[in-house]
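*Asks:* Sequence order for the protein chains is P and E.
Quick note: the first sequence uses the working numbering, first residue 1, plus one each step.
Quick note: the second sequence uses the working numbering, first residue 187, plus one each step.
In short, the hints are calculated from the structure, not lab data.
Bear in mind that the values here come from a model prediction, so they are computed numbers and not experimental data.
A couple of the hints might just be wrong.
Claimed, not checked - To spell it out: a stretch of chain P is covered by chain E in this simulated footprint if at least three of its residues, at any positions, have a beta carbon under 8 Å from a beta carbon of chain E; those stretches are:
{"id": "1", "segment": "114-128"}
{"id": "2", "segment": "164-177"}
Claimed, not checked - Reference excerpt, derived from the structure (chain E facing chain P, CB under 7 Å, subset only):
{"id": "3", "residue": "Ala287"}
{"id": "4", "residue": "Arg289"}
{"id": "5", "residue": "Arg292"}
{"id": "6", "residue": "Pro293"}
Every residue gets a Cβ at the ideal spot worked out from N, C-alpha and C, and that includes glycine.
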Amino acid sequence: MINRLISILFLLCLCVGCQQKIKGPAYVGEMRKTFEEFAEQTSEKYELEWFRMGIGFAAGVGRLIDSYRCHYAFNFISSKSLDHDEVQVLATNIAHDLVEWMFNNKAYAEWLVESHKIMPKSYPSTEPEVENVGFKLTFWDENVDRPLAPYIAQVRFVEGELRYYYADPETQALKEPPLVEKYHHH
Amino acid sequence: MIKRIVVIALLLVPFLMLSGCREKPLPPQRPQAVRLKSIVKEFIYDMHQEHGFYLESIGYDQFHDLEEVSIAFALRKRCSVFEARKLYVSAMEELLSRINADREIRPLLHVYPFTPSQVEMDLVFYEGEKFSKEGVAFMFLKQNCIFYEARSGDFGPFSTLNEETYQEALEIVNSEEGSS
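Start from the sequences, fold in the hints, and give me the full structure.
*Replies:* Next comes the structure, spelled out in structure tokens:
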């Protein structure tokens, strides 16, 4: 009798000790993993650094690029000085990779369907749209100052647009309004 | 034999319970977040040394990148609008210049240069344990406007003594410093 009690108690304690305290749904973990993979691959391909990414409308990911239609976004950093034409090629290529990746990513498709079930107002559609993804690519020189015109200081891919910002030569603040070009996905 | 097992099991129970109930350690903070905190910490210390500011509360909004710093300071002194403005503007300018000068965190600031819109700073003026009854009792910045609030009595409502944009306050302080 005592032995049994001890065994049960022992097993109970082991179960309590070994259980995971925080565990989200598997599809969220899978999404995060694929995001990190994309960020790693893109950084390597285009010689960038990636600092931060955000997933999910509810978590306010849109704040990263000031867009609330965005479900996930990346924050890239480059130490190159590139003019508008060069940034246009680079940003269009990254945007293309990102949109392609989103359309063909099973983890994202599953995440979107599940998110729609839980929060239909935040995720009104289960179909991926170009507006759901974005990134910010900021340029800094070797002194960690913004490159000045004719070089671009920052480009954002937001809501299907590429927005190019130049730095103010005195304050280094980004000049508003940005130069805006519509992104066409092929 | 059974007794021994019972004793060992009983000794193990608290250990196993504790290992089950303990909090999982938080993941380490990113170095940039740590750096920002150390800049702000130094600033708080210096403000205390120079102006007698006491820290009331502090917060950081850095969910995706370094977005905002919130600080509330308390001062045990009576201040006119004139004195309060000077204290507020000099503290704000000092913090902004320290954050903007740091090249380590610069690429990770949500907005560079950091402006008063990214810093939520409140100053509370006490006399003893209560709000200052004369002059400014509380001041804060909201939507780029500084509000100077007075308090009538210990439990009375706040009333606005003065309000001005941050830029106006900065110009006043700069012109006073230039003329003195």
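*Asks:* State the violated hints by number, sorted upward, taking the hints as numbered earlier in the document.
*Replies:* Numbers 1 and 3, in rising order.
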